[in-house]
Amino acid sequence: DAMVIQNPRYQVTQFGKPVTLSCSQTLNHNVMYWYQQKSSQAPKLLFHYYDKDFNNEADTPDNFQSRRPNTSFCFLDIRSPGLGDAAMYLCATSRDLLAGVVQETQYFGPGTRLLVL
Amino acid sequence: KQEVTQIPAALSVPEGENLVLNCSFTDSAIYNLQWFRQDPGKGLTSLLLIQSSQREQTSGRLNASLDKSSGRSTLYIAASQPGDSATYLCAVRLGLNMRFGAGTRLTVKP
Numbered sequence: 001d002a003m004v005i006q007n008p009r010y011q012v013t014q015f016g017k018p019v020t021l022s023c024s025q026t027l028n029h030n031v032m033y034w035y036q037q038k039s040s041q042a043p044k045l046l047f048h049y050y051d052k053d054f055n056n057e058a059d060t061p062d063n064f065q066s067r068r069p070n071t072s073f074c075f076l077d078i079r080s081p082g083l084g085d086a087a088m089y090l091c092a093t094s095r096d097l098l099a100g101v102v103q104e105t106q107y108f109g110p111g112t113r114l115l116v117l
Numbered sequence: 001k002q003e004v005t006q007i008p009a010a011l012s013v014p015e016g017e018n019l020v021l022n023c024s025f026t027d028s029a030i031y032n033l034q035w036f037r038q039d040p041g042k043g044l045t046s047l048l049l050i051q052s053s054q055r056e057q058t059s060g061r062l063n064a065s066l067d068k069s070s071g072r073s074t075l076y077i078a079a080s081q082p083g084d085s086a087t088y089l090c091a092v093r094l095g096l097n098m099r100f101g102a103g104t105r106l107t108v109k110p
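Protein chains in written order, with this note's numbering: chain E, 1 to 117; chain U, 1 to 110.
Calculated from the structure, these hints are not laboratory results. Possibly wrong hints are sitting among the right ones.
Computed list of lysine-lysine pairs in DSSO-like fashion (alpha-carbon distance at most 30 angstroms, straight line) [as the list claims (entries may be wrong)]:
1) U:K42 x E:K44
2) U:K42 x E:K17
3) E:K44 x E:K17
4) U:K109 x E:K38
5) E:K52 x U:K42
6) E:K17 x E:K38
Covered, in the sense of this in silico footprint (three residues per stretch, anywhere, with C-beta under 8 angstroms from a C-beta of chain U), are these stretches of chain E [claimed, not checked]:
7) 43 to 55
8) 108 to 115
Heads up, the beta-carbon is just placed ideally off N, CA and C, and yes, glycines get one too.
Chain U with its partners taken away, still in its complex shape:
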């Protein structure tokens, strides 16, 4: 059974700092991996989707990497801003089933 783990569960950084969020999964036979953002009490917003054949994806200040063989993904956020404060979830996809991690709650302090 696929297990997805995100460490740390919570992270607080000062504005402007670069940071890395981690995601690990136990079964490397995934179709893709996706990073989402969730604001309190809201739905999920897709940030980046990495297909299993890809190593990384970039969007603005965000860069996500994927290492299937080691079962790891990282989300790099450059020059963090208070507006980046949210919970970040990673999810791996196998077929039509998507399994989520519990998320990392990020707080960026002004």
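Bound conformation, chain E alone:
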């Protein structure tokens, strides 16, 4: 089945130790997103790729970076995780045409729960 896959499902890292979360999709969607969701809060968009174009949200900390080596994969790098970065990280994809004018449903992966010790 076509889907959005996130690995790992749970990630434990140490304070300040770099960590990478991965997302892959078989939907062949041109847009991929990374969201951060803390407990009982709304998911917050960190950045998105429209095809190869990277778009950073204004309030996303520099500690967060992303890479999209090809259509199917997207990575979230946290360079120096702090305790406040513990959260669920959600990857999503969509097929968007005409630079956002024609928009379809976003499909979400199951998320990666990050714990920072």
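Chain E is fixed; fit chain U onto it per the hints.
Then chain U, alone, in the frame of chain E:
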């Protein structure tokens, strides 16, 4: 800046009851509004997508309405079941940016 609010934050109802979840947003210049379901510790599942030109969408026991001028959307769930227990989030879309509400946590008691 677009703000999305969902009231109530939590709701508990007996099985079989019809219920309405509310979503409000501050900027009416949206492209679409989407309702999602999130089970504990899981990702989001899309339930209904309403384009800005539409007034409502229906899927099975779910009906979502959109009133852009007043900045409101409702999700109506008919004949609720224990399996409907989850957090329901609404999200508005402007361009490629999607802004979520914090959700309503629904519990349907058998």
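Evaluation of the provided hints:
1. U:K42 x E:K44: Holds - the C-alpha atoms of K44 of chain E and K42 of chain U are around 16 angstroms apart, at most 30 angstroms.
2. U:K42 x E:K17: holds (25 angstroms)
3. E:K44 x E:K17: Distance ~23 angstroms between K44 of chain E and K17 of chain E Cα, so the pair holds.
4. U:K109 x E:K38: OK: K109 of chain U and K38 of chain E at ~27 angstroms, within 30 angstroms.
5. E:K52 x U:K42: With Cα atoms ~28 angstroms apart, K52 of chain E and K42 of chain U stay inside 30 angstroms; holds.
6. E:K17 x E:K38: Cα-Cα ~20 angstroms, so holds.
7. 43 to 55: holds (count 6)
8. 108 to 115: With 5 residues in contact (Cβ-Cβ under 8 angstroms with chain U), the coverage given for the region 108 to 115 of chain E holds.
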